[in-house]
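Visitor: Listed below, chain by chain, are the residues.
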Amino acid sequence: MSFLGFPREDGSVGVRNHIGIISVVVCANDVTLKIAQQVEGAVAFLHDQGCTQTLVDLDQVTRTLVNLGKNSNLAGVLLVSLGCESVLIDEIREKIAVSGKPVKTLGIQKTGGMLPAIMEGSRIAQEMVIKASTIRRETFDDSYLSIGVKCGASDTTSGLISNPAAGAAFDIIYDHGGTCIFGETTEFLGAEHILMRRAATPEVKKRIEEIVTRMEKRAKMMGVDIRGGQPTTGNIKGGLTTIEEKSLGAIVKAGTRPIHDVYEYGNKITKKGLFIMDSPGREPEFLTGVAAAGVQIIIFSTGIGAPQGFPFVPVLKITGNPKTERYLSDHIDKFIKLSEEGENTIAQAGEEIYEEIKAIASGKKTKAEVLGYGQFSNIFTIGPVI
Amino acid sequence: MIKKRTIVINSKDNVATALDDLKAGEVIQEEVDSLKKNIKLNQDVPFGHKFSLKEIPSGSPVIKYGEIIGAASQLIKVGDYVHIHNVKSNRGRGDIKGGSQ
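Residue numbers (the working numbering), protein chains in the order written: chain A, 1 to 386; chain B, 387 to 487.
For reference, chain A alone in the conformation it holds in the complex:
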């Protein structure tokens, strides 16, 4: 069992060969985007952070940017800064460079403003793309796969069909020695006892309880009922009544295998097995979190129909809702039809998703990739903008 991926200096394997143009601060987004638009083979990562935040958040932003840069789907990285931001671009460059890939920096103030910065950045990216284009795909064992899972725009079909199907695929990846990462801690509320039973060690069990308590405290701090925010207005329209119901349907997307560890947001996960990354459920922050963790592909289970992808990680969109399959076919990569024999459907769908992952890993494009849906990412932060 194998796939065709791009070998990287640090021993990891990419399934894409992009040059990442990564903005280190909100103020550099415009230039970052222009460079990526100019250079075929380059992709932009944009976000709203990087300055006038507390140190806790600046650490989290720095850590996330470093690990995004290290993601094996990027053959090279150009970091773009304004020049006066709180995050330190040279620190980020040095830490990404440990992976062995080319990393360059560009400062807008230093270069003389937007126009010369776009020109210089485009030339750097052009060189990087040409160099990366000589890297050839090679055969790798399935244990090199690192896959994330997410559910979004959920309705009751998510918990009944597409989430269990994603979970079945996760079990297969786990059994082949790969890495499986899930999160969305808010959607553990009411289902954490089930996850805690699956913890590989008592420490992991305690950590699961800790991150759920912390997330619930954060939500309650605002003094309002979580309902409306979670489940979302769309979830409620789709038939989900409470966060507990949403959570019970959500956690099945992570399959049934033991949970090996819990990581804080934005950390790189290089071990094999099933892991939790503490993260919120909202797409721009979650997808960034697992991309930083190092996943090459994300399985995205949707009910009502979420179109988002991610700039340099292919997102495989699956649904069990026949209406969504019909009306939003431009965004759905795989429809899972529920038959009378529910159990068999799910197991078979898991196999099919696994095969699809390997096809995508070997170069097949997802619908979100082709449409370029997913330009607006973000990094999860805890404190206020100050």
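I should point out that these hints are in silico values taken from the structure, not numbers from a laboratory.
Note that the structure is predicted; figures quoted are calculated from it, not measured.
All C-beta atoms in this analysis are idealised placements derived from N, C-alpha and C, irrespective of residue type, glycine included.
Incorrect hints may have been included.
So the derived label-pair ranges between C-beta atoms look like this [to be verified]:
(1) A:Ile386 to B:Glu416: 51 to 57 Å
(2) B:Asp406 to A:Glu264: 41 to 47 Å
(3) A:Gln375 to B:Lys409: 41 to 47 Å
With a cut-off of at most 20 Å between alpha-carbon atoms, the simulated SDA-like pairs for lysine to any residue come out as follows [unchecked claim]:
(4) A:Lys337 to B:Ile395
(5) A:Lys220 to B:Lys474
(6) A:Lys237 to B:Thr392
(7) B:Lys390 to A:Phe335
(8) A:Lys206 to A:Glu264
(9) B:Lys398 to B:Pro447
(10) A:Lys220 to B:Gly480
(11) A:Lys323 to B:Arg391
Stretch by stretch, here's where chain B covers chain A in the computed footprint (C-beta under 8 Å, at least three residues) [what the hints assert, rightly or not]:
(12) 214-221
(13) 225-233
Go by the hints and put chain B onto chain A.
Guide: This is chain B only, laid out in the frame that chain A set:
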């Protein structure tokens, strides 16, 4: 094959999920406590939404996936549409003192 129009996920559940848009007055056959029962729907139940298999007194748990998904905020009769109008969440309640279980 007749298309399955409802699903009960776990035998402990006191609610079923509609796999089609169901209308008030329709009679649904489902297994409740190992007995086949005819349940007449008291209201319309849209695709993906829930209805009650048993009477659930106010304050008692609503069960799906064999787990508690909330508590009845009023008496729920057999065949009632079950959603945010008659179920409250036990979690993330920043709006009430104590807040959660």
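Visitor: Output the indices of the hints that this structure fails to meet, ascending.
Guide: none
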